[in-house]
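Q: What follows is each chain in one-letter form.
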Amino acid sequence: MRVVLAEDLFLLRDGLVRLLEAYDFEIAAAVESGPELERALAELEPDVAVVDVRLPPTHTDEGLQCALKARRARPGLPVLVLSQHVEQLYARELLADGSGGVGYLLKDRVFDAEQFVDAVRRVAAGGTAMDPQVIQQLLARRSGDEQSPVSRLTPREREVLELMAQGRSNTAIAGKLVVTERAVAKHTANIFVKLGLEVSDDDNRRVLAVLAYLDRDR
Amino acid sequence: MNTETTDTTRPGTIENGGGSRTRAVVLAAVQGLVLALVVLPFAVLGLVLTLLSLALIPLGIGLVTTPAVLALVRTLAATRRRLAEEWCGVRIPVVYRPLTPGARPWTRTVELLRDPQTWRDVRWLPVDMTAGFVTALLPAVLLLYPVEGFAVAAGLWRELAGDGTYWYGFVPVSDQPTALGAGATAAVLLVAAYRLTPALLLLHFRLTRALLASPEGELAERVRVLTETRRDAVDTSAAELRRIERDLHDGAQARLVAMGMDLGTVEALVDKDPERAKLLLAQTRRASAEALAELRDLVRGIHPPVLAERGLGDAVRALALRLPVPTEVVVDLPGRAEAPVESAAYFAVSEILTNAVKHSGAGRIWADLHHADGLLRISVTDDGRGGAAVGAGSGLAGVERRLGTFDGVLAVSSPVGGPTMVTLEIPCVLS
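So the protein lines, in turn, are chains A and B. As numbered in full-length UniProt numbering, residues 1 to 218 make up the first sequence, in order. As numbered in full-length UniProt numbering, residues 1 to 431 make up the second sequence, in order.
What the hints contain is simulated information worked out from the structure, not anything from laboratory work. Careful: at least some of the hints might be erroneous.
For lysine-lysine, the following DSS-like pairs were computed, each having C-alpha atoms within a straight-line distance of at most 25 Å [claimed, not checked]:
| hint | chain 1 | residue 1 | chain 2 | residue 2 |
| --- | --- | --- | --- | --- |
| 1 | A | 176 | A | 186 |
| 2 | A | 107 | B | 278 |
| 3 | A | 176 | A | 194 |
| 4 | A | 69 | A | 107 |
| 5 | A | 176 | B | 278 |
| 6 | A | 176 | A | 107 |
Taking beta-carbon pairs under 8 Å as the criterion, some of the chain B residues facing chain A (in silico) [as the list claims (entries may be wrong)]:
| hint | residue |
| --- | --- |
| 7 | 310 |
| 8 | 317 |
| 9 | 318 |
It should be emphasised that the depicted structure is a prediction, and the values quoted were computed from it without experimental measurement. We put the CB at the ideal spot given by N, CA and C, even for glycine.
Next up, chain B with everything else stripped away, as it sits in the complex (with noise of 0.2 Å):
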């Protein structure tokens, strides 16, 4: 797809008139200025903590510092994959492994050291700063350099070489004809930047990219996403199903039998004995009612009953009605997504509000549902006092272990002083 032209898909310059491609090749340089000197040094900086703190693990401190200059790194590598998505249109496929929420430090260490991509991540540090800084300055030379071409043409020889020779790239310039070459070689310098300076920078995110993204291609780290997500899945799946047998055994079927026992015993006592009989009848009504009760709990936790007859919107609008702060839910849904994807989603809202009413502290929230670009996405926000983090045993790093399952993301905005945004995202479709 990266053929000569791939630049003509970068948003505005879907034109190859004259303006736009002028406005193109200077916002390429511009681009590769601000990326070579703004942004490259912190690649150096990047490569420098990493090492260091890499040095330092056999002492012990590099285990306590690790976490946070890799996570540095992979907020350099992010922003990076980020402006080559926006300027240049490449993407660049990203998976990290998911981390043990609440881990210790030298866990995590040892959880990302043992992730290929940071160690992609790490080598492209030095590449970046080498072979990345050319690519990226580049196209700002080849446009800059050709004015200094035609400043010597039209005179300015005379200041820079003086009595000897000036070299203008390879032309050497010592007298007006020979300046007047350096400005023809100026002319071609600039036409090739006119032509070469957007797929430079192109080039530039071409090499990020081959090292960024992982060899195998994105089909691989997919596969490996979902093998590490379906892991998740079934493990819970199979620690529900325990816990449904559990509740079931040791609540209404036990129930059920003490009901069978109570009423042979009826049976003996209602001749013997009918005001005994009916105590134990009276008895073993209440038992009946209380099996009910926690068949009807069970129901609730395993597909709740408004979620099957009216869908994710109804489901969530009666969950609110239940919390004890006032919750107001908008809905925009026009159809109902897969049984699978609603009851995901329905859990993951059920823990945010959860949370939200334990630890925030808020006096009100409010929850938004809708569906749009393919995404059924939903926002829980509140007006507590904030500080929620997905890592901070706060339940939400198990509902985004969860949502994974269904390619689903998950985002928690919350400053310390409130307010907590928890917005989630399932890809899906309605129907």
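Same shape as in the complex, but just chain A (with noise of 0.2 Å):
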């Protein structure tokens, strides 16, 4: 699988270049800037782009906007944002158009290689990756409102609707957990009854329906 890395920082982006090709990427090229990786993205066609917010020349959000640019230009282009912060602001923004295959996550996540990995994969799959941050965000807004089906979850169901939301397949969901996969359609299959979401097999779409729940009256 090849991907495009773009991060400003020598250290991280040599750790990321050796971490991802320890799990058997291709790196097609490690970018440090936002013209750069704009076209990197352009002319290397890569399976997914890992990306830093914040790049030079400007330091602000060019990273975020090269990938936002990206997938207007080829829809669907994964692309796995990394960032120092989440917000719930640059969330929506790489959501915004339903299409999958966008995660955004903190530095921090590369610490555990494994779970890092994994949302790289899903993510070049088509599939999400938000940050748990982004997720409680949503989930203790919602549940502050007495009035919200969210606050009528059994502390499990909140969990499996956390790691839902983050983008995992009900097979992960059950494997972090430590409770068999059974355990966990009941657990979704109630939450999308107690929800009012409608149940769907693909995990993309589930996610975006689950993320549509929390965010809706903004």
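Put the two chains together into one complex, using the hints given.
A: Right under this line is the structure:
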């Protein structure tokens, strides 16, 4: 799987290259600025792009803007955005076209190599990988409202909902919570009923439905 | 700037044509009449209350009543300043010293009495009810007195004089020729009124300005205010630095030290007891994640990333997304303000929104950001229960002081029962 990587800090870029290579990714290009990233995405047509939000020359949200632009030029281009901070505002911009193949994670998540690589693979496959922090913010807001159905979920169902909103499959959720897949399926069915969401087998659409629910009224 | 033609700078009298001049004369007379008969009586009230309240200070009662009375005097002075600006274009600079928020009445009294502007306000009252009264009434008198003169000339003298002599001004009227003399005097007076009336009203407001404005002039007042706000700014930034230093020292720095120690232990254990080394490594990784999270919070408190990356509009949008209350943000900013202004505005809005969420009981909040006429104006409205005030320990007083550094102002409209609307304005240019 061919990856284009954009990160301006040498140490982190080097670390990411080695990490991804260790997991059998092919690094098509590892760049350090917005214009270079733009060129690499247009010319190399990678399977997935891993992009830092803040890139030279502006050191603002150059990386995010490049990623959004590349996705407009090539719809569905899988992009995983990394950042020192996660903001719902940026997550919404990434999810706006509803086509999946996006991820938005805190840079800290690379500490857990396997989870991080799993996220890259999920995004490359057209799924989503939302940072738990984004989801927790959304959930915290929704459950603060007593009329919200989120507050009627059991603690276990909330855990399942969080993982589902991050973009994980039932199998992955079962593994993470150390329960059977059937139990997860039961929980997800309950969640969908309580939240009034349509059941869907498609992982990506399932996430978007959850996010749309958590985000409504905005 | 205030030469004889100053009245022409007044809106509506810009052309010196006959019609507009007449209108200006009548308007000035009416305005003078309103001032003399409606507004000035309050000066009497204000003076009496002030003297009474000050006299009661030795008894202690005055300490409690003085802030309220002086607030009334300030309102009177503020009204006059506004009228001066609106009616005659006379700008009267005003700068009160900032008051300590939430101070007790006697502290407030002492603060008020130490402000030279308070004394200027009080000194203005007796002059206003005497010389001010005359200068305000004169335009109307000058315009109305000739009417009597013409009436006298037209035959009213017979009624008024009877068998003796009726004095119209300095003209003794006893028969028709002298009555015509009175008429001529009236004509002269009318001409004088036509020429002088607006100037007299102007004189009244100049008198007001001479008394109400600081003798050192606007510049000195400005210096005084800047000194105050600079002190505030230095105080807050020093406190901020101390907080950051403490947070770094107790938080991220301590965690990094612990991680270093753990890694040392891991190094020693890695051959002897690989299992425990693994455990320690996992712990170290968790500690590094926690240190990062702390640093992130710290950065957000110093300069929020979205603010740095996208500017004020998106920073407030991002802020709104994190609030538990649905918040609608409307942004109309054609550019970005300077970083310190953006930052001040952001933290002010942040504080106002937090206040609204915590205290207002609102179900919805609206934030509106726009820039016009060199002013960045932000208003935050909620549909809560209202009753918010700047001095009520609501945190709004702190916001006001901080905005002062940027010449910014804060206005709160929050009737009990709601809704609350907090507006802030900062003069700035966008780039």
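Q: Compare the distance between the alpha carbons of residue 176 (chain A) and residue 107 (chain A) with 25 Å, and conclude whether the hinted pair is satisfied.
A: With Cα atoms ~21 Å apart, residue 176 (chain A) and residue 107 (chain A) stay inside 25 Å; holds.
Q: Does the closest beta carbon of chain A sit nearer than 8 Å to the beta carbon of residue 310 (chain B)?
A: Since the shortest Cβ distance to chain A is 6 Å, the answer is holds.
Q: Under the criterion that the straight-line Cα-Cα distance not exceed 25 Å, is the pair residue 107 (chain A), residue 278 (chain B) satisfied?
A: holds (23 Å)
Q: Regarding the pair residue 176 (chain A) and residue 194 (chain A), is the alpha-carbon distance no greater than 25 Å?
A: Between residue 176 (chain A) and residue 194 (chain A) the Cα gap is close to 23 Å, so the pair holds against 25 Å.
Q: The hint names residue 317 (chain B) as touching chain A; please verify it with the least Cβ-Cβ distance against 8 Å.
A: For residue 317 (chain B), the interface hint holds, since the closest Cβ of chain A sits about 6 Å away, which is under 8 Å.
Q: Measure nothing beyond the straight line between the CA atoms of residue 69 (chain A) and residue 107 (chain A); if it is 25 Å or shorter, mark the hint as holding.
A: Status holds; Cα separation ~22 Å.
Q: Classify the hint on residue 318 (chain B) as holds or violated, based on whether any CB of chain A lies nearer than 8 Å to its CB.
A: Nearest chain A Cβ about 4 Å off; hint holds.
Q: Below or equal to 25 Å on CA atoms is what counts here, so check residue 176 (chain A) against residue 186 (chain A).
A: holds (16 Å)
Q: Next pair to validate is residue 176 (chain A) with residue 278 (chain B); report whether the Cα-Cα distance is within 25 Å.
A: holds (20 Å)
When each numbered hint is compared with the structure, no violation occurs for any of them.
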